[in-house]
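> Sequence:
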Amino acid sequence: MDHFEIRDGVMHAEKISLETLAAAVGTPFYCYSSATIERHYNVFAAAVAGLGDGNPLVAFAVKANPNLSVLATLAHLGAGADVVSSGELARALAAGIPADRIVFSGVGKQAHELAAGIEAGILQFNVESEAEIVMLGEIAAQLGKIVEIAIRINPAVDPKTHGKISTGGADAKFGIPWDRVPAAFALAAAQTNLRAIGLAAHIGSQLTDLSPVEHTIRRLGDLAQQMEAAGHTITRIDCGGGLGVPYRNDVPAPPSPAHYAAMVARVTTGWKWRLIFEPGRMIVGNAGVLVSTVILTKEGASKHFVVVDAAMNDLLRPSLYNAWHDIKAIRPQETRVVATVVGPICETGDTFAEDRDIEAVTAGDRIAFMTAGAYGATMASTYNSRPLVPEVMVHGDLWSIVSERNQPAAMLALDNRAPWL
1 MDHFEIRDGV MHAEKISLET LAAAVGTPFY CYSSATIERH YNVFAAAVAG
51 LGDGNPLVAF AVKANPNLSV LATLAHLGAG ADVVSSGELA RALAAGIPAD
101 RIVFSGVGKQ AHELAAGIEA GILQFNVESE AEIVMLGEIA AQLGKIVEIA
151 IRINPAVDPK THGKISTGGA DAKFGIPWDR VPAAFALAAA QTNLRAIGLA
201 AHIGSQLTDL SPVEHTIRRL GDLAQQMEAA GHTITRIDCG GGLGVPYRND
251 VPAPPSPAHY AAMVARVTTG WKWRLIFEPG RMIVGNAGVL VSTVILTKEG
301 ASKHFVVVDA AMNDLLRPSL YNAWHDIKAI RPQETRVVAT VVGPICETGD
351 TFAEDRDIEA VTAGDRIAFM TAGAYGATMA STYNSRPLVP EVMVHGDLWS
401 IVSERNQPAA MLALDNRAPW L
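Heads up, the sequence shown is in the UniProt record's numbering, so the first residue is 1 and it goes up one at a time.
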(Lines of atoms letter the chains of each structure in order from A; the text may use other names.)
(Lines give C-alpha, C1' and ligand atoms only; values in the text may rest on other atoms or scores of the structure.)
Protein backbone atom coordinates (compact mmCIF):
# COMPACT_ATOMS: atom_id res chain seq x y z
CA MET A 1 0.00 0.00 0.00
CA ASP A 2 1.31 3.47 -0.87
CA HIS A 3 0.10 6.97 -1.72
CA PHE A 4 1.22 7.08 -5.37
CA GLU A 5 -1.78 6.84 -7.68
CA ILE A 6 -3.08 7.96 -11.05
CA ARG A 7 -5.59 10.83 -10.94
CA ASP A 8 -6.79 12.83 -13.93
CA GLY A 9 -4.40 10.89 -16.14
CA VAL A 10 -1.27 11.75 -14.13
CA MET A 11 0.57 9.98 -11.31
CA HIS A 12 0.29 11.84 -8.02
CA ALA A 13 2.17 11.62 -4.75
CA GLU A 14 -0.63 12.20 -2.29
CA LYS A 15 -2.23 15.42 -3.64
CA ILE A 16 0.70 16.60 -5.76
CA SER A 17 1.18 15.73 -9.44
CA LEU A 18 4.59 14.31 -10.23
CA GLU A 19 4.48 16.35 -13.46
CA THR A 20 4.14 19.49 -11.34
CA LEU A 21 7.14 18.46 -9.27
CA ALA A 22 9.18 17.57 -12.35
CA ALA A 23 8.51 20.99 -13.87
CA ALA A 24 9.50 22.75 -10.66
CA VAL A 25 12.49 20.66 -9.61
CA GLY A 26 13.78 19.11 -12.82
CA THR A 27 14.56 15.44 -13.31
CA PRO A 28 15.78 13.09 -12.09
CA PHE A 29 14.57 13.44 -8.49
CA TYR A 30 13.40 11.26 -5.63
CA CYS A 31 9.92 11.83 -4.24
CA TYR A 32 8.82 10.57 -0.82
CA SER A 33 5.28 10.32 0.54
CA SER A 34 5.16 11.21 4.22
CA ALA A 35 1.69 9.62 4.52
CA THR A 36 3.12 6.30 3.34
CA ILE A 37 6.04 6.49 5.77
CA GLU A 38 3.66 7.28 8.63
CA ARG A 39 1.27 4.52 7.66
CA HIS A 40 3.95 1.84 7.41
CA TYR A 41 5.59 2.79 10.71
CA ASN A 42 2.27 2.83 12.55
CA VAL A 43 1.25 -0.55 11.12
CA PHE A 44 4.53 -2.15 12.17
CA ALA A 45 4.56 -0.52 15.62
CA ALA A 46 0.98 -1.63 16.26
CA ALA A 47 1.78 -5.19 15.18
CA VAL A 48 4.66 -5.60 17.64
CA ALA A 49 3.13 -3.59 20.49
CA GLY A 50 3.05 -5.55 23.73
CA LEU A 51 5.63 -8.15 22.74
CA GLY A 52 8.40 -9.12 25.14
CA ASP A 53 8.20 -7.04 28.29
CA GLY A 54 5.38 -5.02 26.72
CA ASN A 55 7.54 -2.03 25.78
CA PRO A 56 9.29 -2.85 22.49
CA LEU A 57 11.53 -0.35 20.72
CA VAL A 58 11.05 0.13 16.98
CA ALA A 59 14.44 1.47 15.85
CA PHE A 60 14.33 2.53 12.20
CA ALA A 61 17.34 1.29 10.22
CA VAL A 62 18.76 4.66 9.18
CA LYS A 63 20.88 3.12 6.43
CA ALA A 64 17.70 2.50 4.41
CA ASN A 65 17.02 6.22 4.05
CA PRO A 66 18.93 8.78 6.17
CA ASN A 67 17.20 11.88 4.80
CA LEU A 68 16.67 14.29 7.68
CA SER A 69 12.99 14.87 6.88
CA VAL A 70 12.34 11.13 6.67
CA LEU A 71 13.96 10.70 10.08
CA ALA A 72 12.09 13.68 11.54
CA THR A 73 8.80 12.22 10.29
CA LEU A 74 9.60 9.01 12.15
CA ALA A 75 10.83 10.87 15.23
CA HIS A 76 7.43 12.55 15.53
CA LEU A 77 5.86 9.09 15.60
CA GLY A 78 8.10 7.93 18.45
CA ALA A 79 10.56 5.86 16.44
CA GLY A 80 14.03 5.04 17.61
CA ALA A 81 17.00 4.54 15.30
CA ASP A 82 19.48 1.84 14.42
CA VAL A 83 22.65 3.56 13.21
CA VAL A 84 25.87 2.15 11.77
CA SER A 85 28.13 5.21 11.64
CA SER A 86 28.77 8.46 13.47
CA GLY A 87 27.23 10.24 10.49
CA GLU A 88 23.99 8.33 10.89
CA LEU A 89 24.11 8.99 14.64
CA ALA A 90 24.41 12.73 13.98
CA ARG A 91 21.48 12.60 11.57
CA ALA A 92 19.26 10.69 13.98
CA LEU A 93 19.99 13.15 16.79
CA ALA A 94 19.49 16.16 14.50
CA ALA A 95 16.11 14.75 13.45
CA GLY A 96 14.96 14.68 17.06
CA ILE A 97 15.31 10.99 17.85
CA PRO A 98 16.23 10.73 21.56
CA ALA A 99 19.64 9.24 22.28
CA ASP A 100 18.10 6.69 24.63
CA ARG A 101 16.17 5.28 21.65
CA ILE A 102 19.28 4.80 19.48
CA VAL A 103 21.13 1.52 18.93
CA PHE A 104 24.60 1.57 17.33
CA SER A 105 25.33 -1.45 15.12
CA GLY A 106 28.09 -2.16 12.61
CA VAL A 107 31.01 -4.53 12.23
CA GLY A 108 33.75 -1.90 11.97
CA LYS A 109 33.01 0.93 14.39
CA GLN A 110 36.01 3.22 14.76
CA ALA A 111 37.22 4.66 18.05
CA HIS A 112 35.85 8.14 17.33
CA GLU A 113 32.45 6.63 16.50
CA LEU A 114 32.35 4.65 19.73
CA ALA A 115 33.25 7.80 21.62
CA ALA A 116 30.52 9.77 19.84
CA GLY A 117 27.93 7.17 20.81
CA ILE A 118 29.09 7.14 24.42
CA GLU A 119 29.07 10.92 24.70
CA ALA A 120 25.60 11.09 23.13
CA GLY A 121 24.27 8.65 25.74
CA ILE A 122 22.77 6.12 23.33
CA LEU A 123 20.77 3.14 24.54
CA GLN A 124 23.26 0.44 23.57
CA PHE A 125 26.02 -0.68 21.26
CA ASN A 126 25.53 -3.95 19.40
CA VAL A 127 29.11 -5.21 19.52
CA GLU A 128 30.30 -7.57 16.81
CA SER A 129 33.74 -8.81 17.84
CA GLU A 130 35.92 -9.50 20.83
CA ALA A 131 38.26 -6.73 19.68
CA GLU A 132 35.39 -4.24 19.72
CA ILE A 133 34.49 -5.25 23.28
CA VAL A 134 38.01 -4.46 24.46
CA MET A 135 38.23 -1.19 22.49
CA LEU A 136 34.82 -0.01 23.70
CA GLY A 137 35.72 -0.89 27.28
CA GLU A 138 38.90 1.16 27.07
CA ILE A 139 37.15 4.19 25.58
CA ALA A 140 34.32 4.00 28.12
CA ALA A 141 36.90 3.95 30.92
CA GLN A 142 38.73 6.94 29.45
CA LEU A 143 35.46 8.88 29.31
CA GLY A 144 34.36 7.72 32.75
CA LYS A 145 31.07 6.30 31.44
CA ILE A 146 29.22 3.04 32.03
CA VAL A 147 28.12 1.66 28.66
CA GLU A 148 25.49 -0.97 27.96
CA ILE A 149 26.12 -3.44 25.16
CA ALA A 150 24.40 -6.31 23.42
CA ILE A 151 26.43 -9.10 21.86
CA ARG A 152 25.48 -9.44 18.22
CA ILE A 153 25.56 -13.11 17.36
CA ASN A 154 26.21 -14.76 14.04
CA PRO A 155 23.52 -17.47 14.11
CA ALA A 156 24.91 -19.36 11.08
CA VAL A 157 21.60 -19.46 9.22
CA ASP A 158 20.75 -19.07 5.55
CA PRO A 159 18.42 -16.05 5.35
CA LYS A 160 17.37 -17.02 1.81
CA THR A 161 18.02 -13.61 0.28
CA HIS A 162 20.49 -12.09 -2.19
CA GLY A 163 24.04 -13.01 -1.24
CA LYS A 164 25.21 -9.40 -1.07
CA ILE A 165 22.60 -8.51 1.57
CA SER A 166 22.83 -11.76 3.52
CA THR A 167 24.36 -11.16 6.96
CA GLY A 168 23.52 -14.25 9.02
CA GLY A 169 25.52 -17.00 7.32
CA ALA A 170 28.40 -18.69 9.12
CA ASP A 171 30.95 -17.05 6.82
CA ALA A 172 29.44 -13.55 6.99
CA LYS A 173 31.56 -10.79 8.50
CA PHE A 174 28.84 -9.85 10.97
CA GLY A 175 28.52 -10.74 14.64
CA ILE A 176 30.27 -13.17 16.94
CA PRO A 177 29.75 -16.89 16.20
CA TRP A 178 26.95 -18.02 18.47
CA ASP A 179 29.06 -20.71 20.15
CA ARG A 180 31.54 -18.02 21.31
CA VAL A 181 28.86 -15.93 23.02
CA PRO A 182 29.60 -17.21 26.57
CA ALA A 183 33.25 -16.23 26.19
CA ALA A 184 32.22 -12.83 24.80
CA PHE A 185 30.05 -12.19 27.86
CA ALA A 186 32.94 -13.17 30.12
CA LEU A 187 35.23 -10.79 28.24
CA ALA A 188 32.69 -7.97 28.57
CA ALA A 189 32.33 -8.66 32.29
CA ALA A 190 36.06 -8.13 32.64
CA GLN A 191 35.72 -4.59 31.27
CA THR A 192 35.01 -2.36 34.27
CA ASN A 193 32.92 0.17 32.32
CA LEU A 194 30.84 -2.22 30.20
CA ARG A 195 27.55 -3.89 31.05
CA ALA A 196 26.60 -6.75 28.72
CA ILE A 197 22.81 -6.67 29.07
CA GLY A 198 21.55 -8.20 25.87
CA LEU A 199 21.86 -10.11 22.65
CA ALA A 200 21.26 -9.05 19.06
CA ALA A 201 21.02 -10.54 15.59
CA HIS A 202 20.28 -9.35 12.07
CA ILE A 203 20.46 -11.97 9.36
CA GLY A 204 19.85 -10.03 6.17
CA SER A 205 17.71 -7.68 4.12
CA GLN A 206 14.70 -8.19 1.83
CA LEU A 207 13.72 -11.30 3.78
CA THR A 208 10.73 -13.15 2.34
CA ASP A 209 10.81 -16.33 4.43
CA LEU A 210 10.21 -16.16 8.17
CA SER A 211 11.66 -19.58 9.00
CA PRO A 212 15.31 -18.44 9.32
CA VAL A 213 14.14 -15.40 11.29
CA GLU A 214 12.23 -17.65 13.68
CA HIS A 215 15.26 -19.92 14.08
CA THR A 216 17.42 -16.90 14.90
CA ILE A 217 15.03 -15.46 17.49
CA ARG A 218 14.76 -18.87 19.16
CA ARG A 219 18.56 -19.02 19.32
CA LEU A 220 18.65 -15.56 20.89
CA GLY A 221 16.21 -16.72 23.57
CA ASP A 222 18.15 -19.89 24.28
CA LEU A 223 21.40 -17.95 24.62
CA ALA A 224 19.75 -15.34 26.85
CA GLN A 225 18.56 -18.07 29.21
CA GLN A 226 22.02 -19.64 29.15
CA MET A 227 23.67 -16.31 29.99
CA GLU A 228 21.25 -15.67 32.83
CA ALA A 229 21.97 -19.12 34.21
CA ALA A 230 25.66 -18.17 34.15
CA GLY A 231 24.94 -15.13 36.30
CA HIS A 232 24.62 -12.39 33.68
CA THR A 233 21.70 -9.94 33.71
CA ILE A 234 19.79 -9.82 30.42
CA THR A 235 17.29 -7.01 29.83
CA ARG A 236 17.07 -6.57 26.04
CA ILE A 237 16.94 -8.73 22.91
CA ASP A 238 17.44 -7.06 19.52
CA CYS A 239 15.64 -9.12 16.88
CA GLY A 240 17.04 -7.11 13.96
CA GLY A 241 15.07 -6.18 10.86
CA GLY A 242 15.20 -7.01 7.18
CA LEU A 243 11.56 -7.72 6.32
CA GLY A 244 11.07 -7.57 2.56
CA VAL A 245 8.75 -5.42 0.48
CA PRO A 246 6.91 -6.30 -2.75
CA TYR A 247 8.96 -5.00 -5.68
CA ARG A 248 6.91 -6.83 -8.30
CA ASN A 249 3.42 -8.27 -8.59
CA ASP A 250 4.25 -11.57 -10.30
CA VAL A 251 5.91 -13.15 -7.24
CA PRO A 252 4.40 -13.97 -3.83
CA ALA A 253 4.22 -11.02 -1.45
CA PRO A 254 6.64 -11.02 1.51
CA PRO A 255 5.25 -11.65 5.00
CA SER A 256 3.22 -8.75 6.38
CA PRO A 257 4.02 -7.04 9.70
CA ALA A 258 1.06 -8.93 11.17
CA HIS A 259 2.47 -12.30 10.06
CA TYR A 260 5.91 -11.37 11.37
CA ALA A 261 4.52 -10.20 14.72
CA ALA A 262 2.46 -13.38 15.09
CA MET A 263 5.61 -15.46 14.63
CA VAL A 264 7.54 -13.35 17.15
CA ALA A 265 4.66 -13.57 19.63
CA ARG A 266 4.64 -17.36 19.34
CA VAL A 267 8.40 -17.65 19.80
CA THR A 268 8.70 -15.14 22.64
CA THR A 269 5.77 -16.24 24.80
CA GLY A 270 6.80 -15.78 28.42
CA TRP A 271 9.84 -13.64 27.62
CA LYS A 272 10.43 -10.82 30.11
CA TRP A 273 13.09 -9.02 28.09
CA ARG A 274 12.54 -5.80 26.15
CA LEU A 275 12.52 -6.46 22.41
CA ILE A 276 14.10 -4.21 19.79
CA PHE A 277 13.12 -4.29 16.12
CA GLU A 278 15.04 -2.63 13.26
CA PRO A 279 12.71 -2.21 10.25
CA GLY A 280 14.07 -0.11 7.41
CA ARG A 281 13.08 -1.09 3.89
CA MET A 282 9.52 -2.02 4.88
CA ILE A 283 8.97 1.48 6.31
CA VAL A 284 10.33 3.56 3.42
CA GLY A 285 10.66 1.20 0.44
CA ASN A 286 7.47 1.94 -1.44
CA ALA A 287 7.19 5.39 0.15
CA GLY A 288 9.53 6.71 -2.54
CA VAL A 289 9.90 6.82 -6.31
CA LEU A 290 12.65 8.06 -8.62
CA VAL A 291 11.22 10.30 -11.35
CA SER A 292 13.10 10.49 -14.64
CA THR A 293 12.64 11.88 -18.14
CA VAL A 294 13.15 9.92 -21.37
CA ILE A 295 16.00 11.53 -23.31
CA LEU A 296 15.53 9.45 -26.45
CA THR A 297 14.73 6.03 -27.79
CA LYS A 298 16.95 4.11 -30.19
CA GLU A 299 17.03 0.83 -32.01
CA GLY A 300 19.97 -1.49 -31.49
CA ALA A 301 20.74 -4.62 -33.50
CA SER A 302 18.09 -6.54 -31.60
CA LYS A 303 16.90 -4.28 -28.79
CA HIS A 304 14.69 -1.23 -28.39
CA PHE A 305 16.46 1.12 -25.98
CA VAL A 306 14.85 3.77 -23.81
CA VAL A 307 17.54 6.17 -22.62
CA VAL A 308 16.56 8.17 -19.53
CA ASP A 309 18.21 10.95 -17.54
CA ALA A 310 18.51 8.87 -14.37
CA ALA A 311 21.47 6.53 -14.12
CA MET A 312 23.12 3.87 -12.01
CA ASN A 313 24.75 6.56 -9.89
CA ASP A 314 21.23 7.69 -8.87
CA LEU A 315 19.69 4.24 -8.33
CA LEU A 316 22.36 1.57 -7.99
CA ARG A 317 20.26 -1.43 -6.98
CA PRO A 318 19.52 -2.76 -10.50
CA SER A 319 23.21 -2.68 -11.43
CA LEU A 320 24.52 -3.94 -8.09
CA TYR A 321 21.93 -6.58 -7.22
CA ASN A 322 20.13 -7.10 -10.53
CA ALA A 323 17.17 -5.72 -8.57
CA TRP A 324 13.74 -5.17 -10.09
CA HIS A 325 11.90 -1.85 -9.90
CA ASP A 326 8.57 -1.45 -11.64
CA ILE A 327 8.73 1.26 -14.29
CA LYS A 328 5.58 3.30 -14.86
CA ALA A 329 4.81 6.24 -17.10
CA ILE A 330 3.74 9.34 -15.17
CA ARG A 331 1.02 9.70 -17.81
CA PRO A 332 -0.22 6.13 -18.40
CA GLN A 333 -0.19 4.87 -21.98
CA GLU A 334 -2.13 2.03 -23.55
CA THR A 335 0.54 1.06 -26.10
CA ARG A 336 3.30 -1.18 -24.77
CA VAL A 337 6.71 -2.21 -26.03
CA VAL A 338 9.52 -4.56 -25.03
CA ALA A 339 12.39 -2.26 -24.13
CA THR A 340 15.73 -2.09 -22.39
CA VAL A 341 15.80 0.95 -20.12
CA VAL A 342 19.24 2.49 -19.65
CA GLY A 343 20.91 5.60 -18.30
CA PRO A 344 23.58 7.87 -19.82
CA ILE A 345 26.59 6.51 -17.88
CA CYS A 346 29.39 4.98 -19.92
CA GLU A 347 28.94 1.43 -18.66
CA THR A 348 26.78 -1.37 -19.98
CA GLY A 349 25.90 -1.99 -16.35
CA ASP A 350 23.93 1.26 -16.35
CA THR A 351 20.77 -0.70 -17.08
CA PHE A 352 17.51 -0.48 -15.14
CA ALA A 353 15.57 -3.13 -17.03
CA GLU A 354 16.40 -5.48 -19.87
CA ASP A 355 13.82 -6.63 -22.43
CA ARG A 356 11.02 -5.45 -20.13
CA ASP A 357 7.39 -5.08 -21.23
CA ILE A 358 6.71 -1.39 -20.46
CA GLU A 359 4.53 1.44 -21.68
CA ALA A 360 5.74 2.79 -25.03
CA VAL A 361 7.32 5.99 -23.75
CA THR A 362 9.17 8.36 -26.07
CA ALA A 363 11.45 11.39 -25.75
CA GLY A 364 10.16 13.87 -23.19
CA ASP A 365 7.91 11.44 -21.36
CA ARG A 366 8.34 11.08 -17.61
CA ILE A 367 8.65 7.73 -15.88
CA ALA A 368 8.80 6.62 -12.26
CA PHE A 369 10.96 3.86 -10.86
CA MET A 370 8.70 2.53 -8.13
CA THR A 371 9.60 1.33 -4.62
CA ALA A 372 12.77 3.42 -4.61
CA GLY A 373 12.50 4.89 -1.12
CA ALA A 374 14.96 2.46 0.46
CA TYR A 375 18.61 2.11 -0.57
CA GLY A 376 18.08 4.63 -3.36
CA ALA A 377 19.37 8.14 -2.72
CA THR A 378 21.48 6.90 0.18
CA MET A 379 23.55 4.71 -2.17
CA ALA A 380 23.91 7.39 -4.85
CA SER A 381 27.25 8.70 -6.07
CA THR A 382 28.68 11.36 -8.35
CA TYR A 383 30.10 8.87 -10.85
CA ASN A 384 30.76 10.44 -14.26
CA SER A 385 30.73 13.76 -12.34
CA ARG A 386 26.95 13.64 -12.28
CA PRO A 387 25.38 15.63 -9.43
CA LEU A 388 23.42 13.95 -6.67
CA VAL A 389 19.74 14.33 -7.46
CA PRO A 390 17.34 16.26 -5.23
CA GLU A 391 14.94 14.60 -2.83
CA VAL A 392 11.40 15.92 -2.43
CA MET A 393 8.90 15.13 0.32
CA VAL A 394 5.15 15.45 -0.13
CA HIS A 395 2.75 15.97 2.76
CA GLY A 396 -0.83 16.13 1.52
CA ASP A 397 -1.00 19.21 -0.71
CA LEU A 398 2.39 20.48 0.51
CA TRP A 399 5.82 19.64 -0.83
CA SER A 400 9.40 20.60 -0.12
CA ILE A 401 12.85 19.93 -1.51
CA VAL A 402 14.43 18.09 1.43
CA SER A 403 17.83 17.55 -0.20
CA GLU A 404 19.15 19.86 -2.89
CA ARG A 405 20.71 18.89 -6.21
CA ASN A 406 24.44 19.54 -5.87
CA GLN A 407 25.56 21.59 -8.84
CA PRO A 408 28.82 21.10 -10.79
CA ALA A 409 30.34 24.22 -9.21
CA ALA A 410 29.73 22.84 -5.74
CA MET A 411 31.29 19.53 -6.74
CA LEU A 412 34.36 21.33 -8.14
CA ALA A 413 34.66 23.32 -4.93
CA LEU A 414 35.36 20.11 -3.02
CA ASP A 415 38.55 19.56 -5.03
CA ASN A 416 41.83 21.28 -4.21
CA ARG A 417 44.18 21.74 -7.13
CA ALA A 418 47.69 20.63 -6.25
CA PRO A 419 49.93 23.70 -5.73
CA TRP A 420 52.45 22.57 -8.35
CA LEU A 421 49.80 22.48 -11.10
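If you are wondering where the hints come from, they were derived from the structure by calculation, not from laboratory data.
All values reported here derive from a predicted model rather than from experimental measurement.
Be careful, since some hints might not be right.
Claimed, not checked - In silico DSSO-like links for lysine-lysine, alpha-carbon gap of 27 Å or less: (1) Lys-328 to Lys-15; (2) Lys-298 to Lys-272; (3) Lys-303 to Lys-328.
> Hint by hint, note whether the structure agrees.
Going down the list of hints, with the structure as the test:
1. With a C-alpha separation of about 18 Å, the suggested pairing of Lys-328 with Lys-15 holds against the 27 Å cut-off.
2. Between Lys-298 and Lys-272 the CA atoms are separated by roughly 62 Å; this puts the pair beyond 27 Å, and the hint is violated.
3. At most 27 Å may separate the alpha-carbon atoms for a hinted pair to count; Lys-303 and Lys-328 meet this at roughly 19 Å.
Checked against the numbered hints listed earlier, the structure breaks hint 2 alone; every other hint is satisfied.
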